[in-house]
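Peer 1: Protein chains in written order, with numbering that gives the first Met the number 0: chain A, 0 to 100; chain B, 0 to 163; chain C, 0 to 109; chain D, 0 to 150.
For the record, the hints were derived by calculation from the structure and aren't laboratory data.
With a straight-line Cα cutoff of 30 Å, these simulated DSS-like cross-link-like pairs (lysine-lysine) come out:
#1 Lys127/B - Lys100/B
#2 Lys100/B - Lys137/B
#3 Lys127/B - Lys137/B
#4 Lys111/D - Lys54/A
#5 Lys136/B - Lys85/B
#6 Lys100/C - Lys127/B
#7 Lys62/D - Lys100/B
#8 Lys62/D - Lys101/B
#9 Lys136/B - Lys100/C
#10 Lys59/D - Lys45/B
#11 Lys127/B - Lys45/B
#12 Lys101/B - Lys61/B
#13 Lys127/B - Lys61/B
#14 Lys100/B - Lys61/B
#15 Lys100/C - Lys85/B
#16 Lys100/B - Lys59/D
#17 Lys62/D - Lys45/B
#18 Lys137/B - Lys100/C
#19 Lys136/B - Lys100/B
#20 Lys68/D - Lys45/B
#21 Lys61/B - Lys45/B
#22 Lys59/D - Lys101/B
#23 Lys61/B - Lys149/B
#24 Lys127/B - Lys149/B
#25 Lys136/B - Lys149/B
#26 Lys100/B - Lys45/B
#27 Lys59/D - Lys127/B
#28 Lys61/B - Lys137/B
#29 Lys85/B - Lys137/B
#30 Lys101/B - Lys127/B
#31 Lys137/B - Lys149/B
#32 Lys101/B - Lys45/B
#33 Lys149/B - Lys101/B
#34 Lys149/B - Lys45/B
#35 Lys100/B - Lys149/B
Residue strings, one per chain:
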Amino acid sequence: MENFFLTISLALGFLVLLSLYRGVVGPTVLDRIVSVGVIGTKTTVMLILMGLIYKRVDMFVDISIAYAMLNFIATLAAAKFFHVRKSVIPGVRFYKEREVK
Amino acid sequence: MRYITTFLILFLNWLIWSGMFDAFHISLGVISCALVTFLSHDLFFKEKLSYRNIVETVRFIKYIPWLLYQIVLSNIHVAYLVLHPKMPIEPSMVRLETELKKDLSLVAYANSITLTPGTITADIVDRKHYIVHCISKKVADDLLAGDMEKRIAHIFEEAGYKED
Amino acid sequence: MILTILSVLLIISGIFFFFTATVGLLRFPDFYCRMQATGKGDTLGALLCLSGIAVYNLSDGFTLSSVLVSIKIMLIAFFIFIANPTATHAITRAGLNAGVKPLMKEDLQK
Amino acid sequence: MINRFENIIIQTISRLLIPPIQLYALYVIAHGHYSPGGGFQGGCILGASFILMVIAYDIKETKRMISEKINTIFIVLGVIIYSGIGAVCLILGADYLDYGILNKIFSVSPAKARALGTFGVEIGVGITVMAVMVSIFLNLVSGGEHEEAQE
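I would like the entire structure built from these sequences, with the hints used as guidance.
Peer 2: Okay, here's the thing in structure tokens:
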């Protein structure tokens, strides 16, 4: 069963590398924030898998909770920063110009 | 009353997290929960408590399985769109009116929209209109039919949905 | 034995949804469509993976400590279930207010 | 400027999530010697919960929970707890921060006294880290003028 968890962790690491592509290349800043959030969610799962491999789940669960909480706060903070700094066209007016449906 | 309920919920959380039931750690838990209750008693429950809250909680728990089923459906839909070689997406922005009034029901509706088939809540204007990004035509039609809004209104007993 | 098989099934389906989310993040042409892929796929993938791990943790026997650890893992899953849509909404709203234009149906058909 | 981010979804979810985060921070401080963590990490998480409060609401709402005066007192209080425990050890005739000697006061075995002393020091560190983090963040956000800032 350890081999199975090791394989799953490696697959998750591969997915993290793929998401990193969007973080490096991504055309806008917001794409990079999305990429960071996605990597954070995958890391939360990966930490618990590591705990299963090392047979110390009770320890790694605590680290994982802290990681999830800080990931949430970091995403909100980054979104707020670029919301304030880059607001050129407020969303409502922009929506009324297009008037879709 | 709010203090006591907040304290009990937090203390249950502490017992689950701590996992040690000797006197020293229990007393630490009581002190910590009292501190957090003192700091943020008005954050957990904004309005006065009543028996309604129990009803709402029970109904919300009943609502979760349906929501999980919808989430699985939506993920299969998105997976089909992603893995299809031509990517048959038709994105559009839709304005959606709502009649919900309470904070919690607005939030529950918005998060349910974000989680279910191919739609994301982009903004709320004046607590009356949602601006929703839809990924394909079929999904937008499903959303405008308004099945989910009725369920949410039934959970939180909004005005106009008193039947049943 | 049944618990082990169940947990393996749950974890593998979770990995599948993680995979579709990542491919969507790479393939979709537009910022809002990328949010569609990640906001749903990541939430369901994390939910399935974490519940699979919680089930596997119970397979050694129902002692107090293992049950508590499983409940903790389900609490993480619940936290992600609440927090992830909110983060998605915050980023989408920031994009809308920063003036990122969404691709419409007409733009795609050109 | 900050109020423009106000949004009912983010506010309500933050309202529901802040008390568990605070409780978890206190748990990390209290269980520093059984599980990973300790004073510094717990203090960081506790500070992060106040930062989430500033992000979702505004500075005024946050200062209702923890005002500037109390925050400054906390910065000093943590250092006083830390150095006070060390000084008590010094007075009782051992080295600085040698907690084993504390069994003269509490009438427990030296090992237990050592654990208690570590716990006291961790509380001090946590309080100071939390207060300094909140103070630095508020100063950065408002350009150092949050005593007067109304919004």
